[in-house]
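Number of protein chains: 2
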Amino acid sequence: MHIQIGLLGCGTVGGGVIELLHKRKQKIAELTGVQASIKKVLIRDLHKEREVLLDGETLTTDAEDILNDPDITIIIETIGGIEPARSLILQAIAQKKHVITANKDLIALHGSEIIEAAKEANVDVYYEAAVGGAIPLIRPLKESLTANVITEIKGIINGTTNFILSKMTATGADFTEVLDEAQQLGYAEADPSSDVDGLDAARKLTILSTIAFHTKVKLSDVRVTGIREVKADDVRYANELGYVIKLLATGTETDDTLSLCVAPTLIPKDHPLAHVSDAYNALYVRGDASGDLMFFGRGAGSLPTASAVLGDAIDVFRNLTHRVTGLQDSSYLSEKPVVPDKAAAQPFYLRFSVQDRTGVFAKIAGLFGEHDINMETVMQKRICDGSAEIIIITHEVVPTNIDRLRKALEQLESVIAVHLVMPVERA
Amino acid sequence: MHIQIGLLGCGTVGGGVIELLHKRKQKIAELTGVQASIKKVLIRDLHKEREVLLDGETLTTDAEDILNDPDITIIIETIGGIEPARSLILQAIAQKKHVITANKDLIALHGSEIIEAAKEANVDVYYEAAVGGAIPLIRPLKESLTANVITEIKGIINGTTNFILSKMTATGADFTEVLDEAQQLGYAEADPSSDVDGLDAARKLTILSTIAFHTKVKLSDVRVTGIREVKADDVRYANELGYVIKLLATGTETDDTLSLCVAPTLIPKDHPLAHVSDAYNALYVRGDASGDLMFFGRGAGSLPTASAVLGDAIDVFRNLTHRVTGLQDSSYLSEKPVVPDKAAAQPFYLRFSVQDRTGVFAKIAGLFGEHDINMETVMQKRICDGSAEIIIITHEVVPTNIDRLRKALEQLESVIAVHLVMPVERA
Chain G
1 MHIQIGLLGC GTVGGGVIEL LHKRKQKIAE LTGVQASIKK VLIRDLHKER EVLLDGETLT
61 TDAEDILNDP DITIIIETIG GIEPARSLIL QAIAQKKHVI TANKDLIALH GSEIIEAAKE
121 ANVDVYYEAA VGGAIPLIRP LKESLTANVI TEIKGIINGT TNFILSKMTA TGADFTEVLD
181 EAQQLGYAEA DPSSDVDGLD AARKLTILST IAFHTKVKLS DVRVTGIREV KADDVRYANE
241 LGYVIKLLAT GTETDDTLSL CVAPTLIPKD HPLAHVSDAY NALYVRGDAS GDLMFFGRGA
301 GSLPTASAVL GDAIDVFRNL THRVTGLQDS SYLSEKPVVP DKAAAQPFYL RFSVQDRTGV
361 FAKIAGLFGE HDINMETVMQ KRICDGSAEI IIITHEVVPT NIDRLRKALE QLESVIAVHL
421 VMPVERA
Chain E
1 MHIQIGLLGC GTVGGGVIEL LHKRKQKIAE LTGVQASIKK VLIRDLHKER EVLLDGETLT
61 TDAEDILNDP DITIIIETIG GIEPARSLIL QAIAQKKHVI TANKDLIALH GSEIIEAAKE
121 ANVDVYYEAA VGGAIPLIRP LKESLTANVI TEIKGIINGT TNFILSKMTA TGADFTEVLD
181 EAQQLGYAEA DPSSDVDGLD AARKLTILST IAFHTKVKLS DVRVTGIREV KADDVRYANE
241 LGYVIKLLAT GTETDDTLSL CVAPTLIPKD HPLAHVSDAY NALYVRGDAS GDLMFFGRGA
301 GSLPTASAVL GDAIDVFRNL THRVTGLQDS SYLSEKPVVP DKAAAQPFYL RFSVQDRTGV
361 FAKIAGLFGE HDINMETVMQ KRICDGSAEI IIITHEVVPT NIDRLRKALE QLESVIAVHL
421 VMPVERA
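Residue numbers (our numbering), protein chains in the order written: chain G, 1 to 427; chain E, 1 to 427.
Because the hints were derived from the structure by calculation, they are not lab data.
The beta-carbon is built from N, C-alpha and C at its ideal position, and this holds for glycine as well.
Just to be clear, a hint being listed does not mean it is correct.
One-sided excerpt, in silico: chain G residues whose CB lies under 7 Å from chain E [to be verified]:
no., residue
1, Gly33
2, Ile82
3, Thr146
4, Glu152
5, Ser302
6, Leu303
Pulled a few chain E residues facing chain G out of the computed Cβ check, cut under 10 Å [to be verified]:
no., residue
7, Lys23
8, Asp55
9, Gly56
10, Thr58
11, Ala121
12, Pro140
13, Ser144
14, Gly186
15, Ala190
16, Pro192
17, Lys218
18, Val276
19, Ser302
20, Asn319
21, Ala408
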């Protein structure tokens with residue numbers, strides 16, 4: 001069987017897809033009986049120099065050229081962003097073409113629209129590459145673990161912030177300094193806010209939670225804190241206390257309600273997630289039968305992402321040779337309410353500065369008592385200008401209660417500022 | 001659609017399958033549209049008391065009762081061992097029933113016979129639970145990573161030895177002492193040899209390598225060393241040098257040849273595999289496009305294994321509702337020769353005792369030089385009876401050369417005994 005593909009976009013990911021398909025043509029043919037080739041590639045500028053070597057692919061700047069080509073049965077979308085990707089994919093589906101996309105923004109925001117359209121048209125939509133690069137996450141969640149009720153997912157799913165935090169941990173440098181370096185190395189974009197403010201991780205968490213909890217999760221359901229407020233001091237204090245700081249995305253199901261959170265988090269050094277460094281990603285999954293599982297690997301990059309895209313494509317090849325669609329299930333069983341108040345209690349790290357006077361600590365301790373929050377660890381660092389910095393790790397508290405404590409602390413006359421409040425993972 | 005299952009065996013795994021299916025009936029029905037139930041269960045003794053609660057399942061001691069029942073379309077085999085499991089599965093396949101098995105021994109030794117028979121009969125055979133318990137390994141290798149050439153797999157895939165080695169590391173106790181405890185706790189069997197001598201890990205490595213390298217791997221291709229010779233001293237020395245000892249199963253492809261090995265191995269403390277403790281399993285996979293991936297989770301136990309078995313069953317449900325078989329590919333592209341001589345060079349750890357006399361070390365150093373093996377780390381521990389223990393970590397050496405060195409050392413007059421030679425993983 002000969003299958004022809006239309007590729008939308010020829011950047012880092014698209015170029016990787018072309019390169020990898022050239023390399024693997026023969027293996028794919030031997031395994032699946034399918035001769036696969038990319039017939040046409042949608043690009044913006046015909047005159048731009050490209051590093052990727054073409055082998056019969058036609059370049060075009062006109063999407064209709066691809067979407068109306070009846071020989072093309074599969075569309076691979078690697079443009080990214082919402083438009084024109086969304087419209088092109090919906091058009092392709094309307095033309096009964098199967099779709100593979102690496103587009104996390106689009107799936108996070110318009111996933112259900114696209115999946116519904118595909119169901120209607122009886123074509124498949126695969127998007128393994130949208131989260132975690134090369135790491136198989138969506139397939140295990142949709143297939144292998146179906147016999148479980150998943151109660152928690154927890155992951156490091158943004159490479160840029162993990163690179164920055166790993167570098168801050170290794171060198172003791174401050175956030176802004178490392179961000180500059182990451183931008184020079186191409187690990188962070190000129191406008192880094194989508195990464196460092198936690199939005200990218202929140203989008204991926206939306207996609208994963210929708211699948212893991214069989215419910216429609218909205219991006220706005222996620223409580224998001226980025227890493228801008230994490231200072232070199234926090235990294236050092238965390239280290240002294242036996243932790244590393246990671247931007248953690250967590251989704252938890254309790255009593256049929258969800259809580260979803262992206263935040264810099266203290267992870268015990270002997271926790272497997274503590275060792276996920278640099279551009280690596282990892283996802284922890286807790287199933288009621290499976291117990292704890294972890295998936296780890298390269299979260300981005302040209303060939304790792306192409307590995308996931310072509311893994312999906314080979315699935316579609318198999319479906320086409322077997323004349324079957326809709327095998328990968330995408331039903332929502334419920335729309336579980338997102339209730340931050342019901343989020344599971346956990347310890348929190350607080351760093352705040354106070355006037356260095358007698359009696360101040362007693363007042364603070366009193367405030368903790370009033371909020372029914374116990375302290376597990378207390379560190380006080382004297383600062384020369386008459387102020388002191390206090391670092392506290394609490395016993396387990398629900399997030400809304402820690403929010404109330406933070407406000408109360410900020411209103412205390414002797415408290416100069418509350419700098420950072422972060423959740424703490426148990427070992 | 002109503003699908004009826006025949007369950008062979010009702011031990012730890014079979015009981016878990018019954019329990020989990022009862023719990024998940026409704027979710028499975030909502031997701032797949034399939035009403036699934038276990039119609040009959042093959043047991044040995046009708047009068048034995050069982051912990052599992054039955055809900056309409058009929059117990060029988062006669063396999064024909066199940067195999068000849070035309071209502072039963074899926075067989076789940078949880079008996080374990082070679083016979084009668086092999087014959088029953090082949091009979092079930094001949095009766096056009098789909099088969100799900102958790103039987104690593106059978107798949108390692110007779111996998112290709114069973115898979116060929118299933119292809120012939122146009123039914124599916126799934127065996128995710130045979131390796132790594134709840135961890136999705138076989139599906140990612142067969143599907144998600146198909147676009148890669150996999151060059152290396154490396155894993156902790158035997159829970160008993162990992163429990164023993166973790167305990168030895170935590171407590172400083174010796175092997176025999178910890179084995180006793182593991183047996184009392186039910187983590188090790190009365191005859192522990194299949195686990196502690198590395199055979200169980202070798203069988204699982206055979207299964208994984210066959211899939212990862214698309215080649216027929218025989219159990220006898222695996223170079224196997226167990227953990228009986230690992231002493232409390234080795235664990236302590238490893239710790240001093242920055243390592244932990246794990247029973248590692250590795251499969252490596254170099255220039256179209258394979259090398260397969262199960263051996264106690266020194267793992268750097270900051271390597272992700274170093275943190276896989278107790279009954280957890282983990283598999284590292286290196287793909288040429290994906291880069292390094294790791295899969296981690298519970299390698300055994302009633303419900304974790306049932307999670308994998310039912311994950312497979314749900315796949316078969318989907319196949320049945322879509323009237324499709326043979327989607328999960330099982331082609332061998334080649335029979336790659338296993339060439340130990342071509343195994344990649346790596347550092348080795350040696351512990352041996354010598355007579356504590358001047359000039360001895362010079363002789364030993366000379367021997368290393370003759371074999372063109374450089375030392376990276378040398379430790380000498382004096383022992384009161386006039387002998388000394390020497391611990392050496394070498395630079396990279398091919399395994400066959402370290403074998404030759406070991407023999408030469410053993411022939412040296414001043415060497416009392418070579419106690420242990422183990423590979424060392426790079427960070």
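Here's how the hints hold up against the structure:
no.: 1; hint: Gly33; in the structure: violated, 9 Å
no.: 2; hint: Ile82; in the structure: violated, 27 Å
no.: 3; hint: Thr146; in the structure: holds, 5 Å
no.: 4; hint: Glu152; in the structure: violated, 14 Å
no.: 5; hint: Ser302; in the structure: violated, 9 Å
no.: 6; hint: Leu303; in the structure: holds, 4 Å
no.: 7; hint: Lys23; in the structure: holds, 8 Å
no.: 8; hint: Asp55; in the structure: violated, 17 Å
no.: 9; hint: Gly56; in the structure: violated, 19 Å
no.: 10; hint: Thr58; in the structure: violated, 23 Å
no.: 11; hint: Ala121; in the structure: violated, 17 Å
no.: 12; hint: Pro140; in the structure: holds, 4 Å
no.: 13; hint: Ser144; in the structure: holds, 4 Å
no.: 14; hint: Gly186; in the structure: violated, 17 Å
no.: 15; hint: Ala190; in the structure: violated, 26 Å
no.: 16; hint: Pro192; in the structure: violated, 24 Å
no.: 17; hint: Lys218; in the structure: violated, 22 Å
no.: 18; hint: Val276; in the structure: holds, 8 Å
no.: 19; hint: Ser302; in the structure: holds, 9 Å
no.: 20; hint: Asn319; in the structure: holds, 8 Å
no.: 21; hint: Ala408; in the structure: violated, 39 Å
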